[in-house]
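Participant: Required output: the full structure, derived from the provided sequences and hints.
2 protein chains.
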Amino acid sequence: MTSAAPRSGWPEHWRDKAKAAPRRQPLSRERIVEAALRIVDAEGMDALSMRRVGQELGTGAASLYAHVGSKEELLELVLDLVYADIELEPADPERWQEQVKRLLRNSREALLSHRDLAKAAVVANVPVTPHAMDIAETMLAMLRAGGLDEQTAAYGVDLLGLYTTATAFEASTRGGADTQEFTGRIRDYFATIPAERYPMITSMAVALTRNVGEERFEFGLDILVAGLARQVPDGGA
Amino acid sequence: MTSAAPRSGWPEHWRDKAKAAPRRQPLSRERIVEAALRIVDAEGMDALSMRRVGQELGTGAASLYAHVGSKEELLELVLDLVYADIELEPADPERWQEQVKRLLRNSREALLSHRDLAKAAVVANVPVTPHAMDIAETMLAMLRAGGLDEQTAAYGVDLLGLYTTATAFEASTRGGADTQEFTGRIRDYFATIPAERYPMITSMAVALTRNVGEERFEFGLDILVAGLARQVPDGGA
DNA sequence: TCTTCGTGACGAACAGTGTTCTCCCATGGA
DNA sequence: TCCATGGGAGAACACTGTTCGTCACGAAGA
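As they're listed, the protein sequences go chains A and B.
Per full-length UniProt numbering, residue 1 is the first one in the first sequence, and the count goes up by one each step.
Per full-length UniProt numbering, residue 1 is the first one in the second sequence, and the count goes up by one each step.
Honestly, I wouldn't trust all of these hints.
[Stated by the list, open to error] Under the rule of at most 20 Å between Cα atoms (straight-line distance), these lysine to aspartate or glutamate pairs were calculated in the DMTMM-like manner:
# : chain 1 : residue 1 : chain 2 : residue 2
1 : A       : K101      : A       : D46
2 : B       : K71       : B       : D41
3 : A       : K71       : B       : D46
4 : B       : K71       : A       : E87
These aren't lab readings, by the way, just hints derived from the structure by calculation.
Facilitator: Okay, here's the thing in structure tokens:
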């Protein structure tokens, strides 16, 4: 991992080679996006700045703006790169509910496997990048295969996506190794609040702080998919 | 060297009065929070900086740190102030579903009536401020009155809160007077993408971009509350 | 009444941020 | 061989949240 620094003091006639060689590849949109994802994986979203990405590529922040229009666009591209990993399957009317759940579980997992990248997903605009639209397309096909009408499927795909990104974000902020310690602190705090004003919260402290992981995600997923299934006239429950 | 600029040229014996009079009220936590909310109402979340709050109160940013620990804490306090406006009612087992919906509708409205304040709500930690906890307490009571067991009620209050803040945020970012123009641009974009790769999206463009408002919120609300109601053993559907 | 003392106020500064301007120079086409 | 084009990059701009050190003022003590 030679950086650009050791160029100082080199003989003049080496300079051309030295300038051509260390730039292993010319800067490109793809390389920038990959570098950004590497930084998120290694240091988290808070560490992701344009200067940091430039540094990762042995250059400065200004050079990036020839290939990406803004940081916001860069984040969209990073998200799209991650979305590309999500496995898609053709819609099957016989098992559409399980297909939808699987797709959302995979989406959640893809986001969570890159630290707190989900933060970018919640703040992002309505997704218009290719792979994000592939996912939406697939999910729409599944919902339609399940018999949902156009408007319900449209609302549904939005609702399910919102749920998945929001819970992934929530999980990633309190994620990591200190989950135990986090729920512990919350539980301690609940022990200090006045029980006469908050009888429910104090008495349910354990239930409220239990399991911030998969189980809670599955809980909401079941409710949402079952709720959508009940919208189809022929048979729900 | 004289430090403060605007004091220049004033007679010396006026100085004490001049410094005492313009400070109409002493800085306080409450005044700071109110000023911050005024700024959000007038200029939106992006304009809310510590310097801007200081300016609103005729002082600098540094002075605020004697009363609030950080900007994050300030945002929590602003949210709590807004949550204080939300009307609460005692839980009634006969009509708990409508009560829950009403409460969430009011919460959504409270957030949306302050520009894009919902942005603070999505990023915020699990709410621990008094009025936020009043809402959680009330909602838990309603869910329990509906017959939900402890764990389901705990998951439920979290799920419903997440849904409300997330959709309020989504609505506020594309909100304002340019909603028409926004959906129009999305619809135009959908017309340019390849129909053979995205048959669902292109054919459902109208349904996908229709009504970013109350109707979509009600759609998800119905599904969630009905889904929770079905969790109680005695009678759901 | 005079003096000390603690505390809120606050200007300046620090270490960042995203983005733009402007110049430099290597490369490809003529 | 010459020149134009366009990417690379340093510096600068206008910000951000936060901390430091100083300063003035009201209250308590002598």
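Participant: Taking the earlier hints as the rules, which of them does this structure contradict?
Facilitator: 1 and 4
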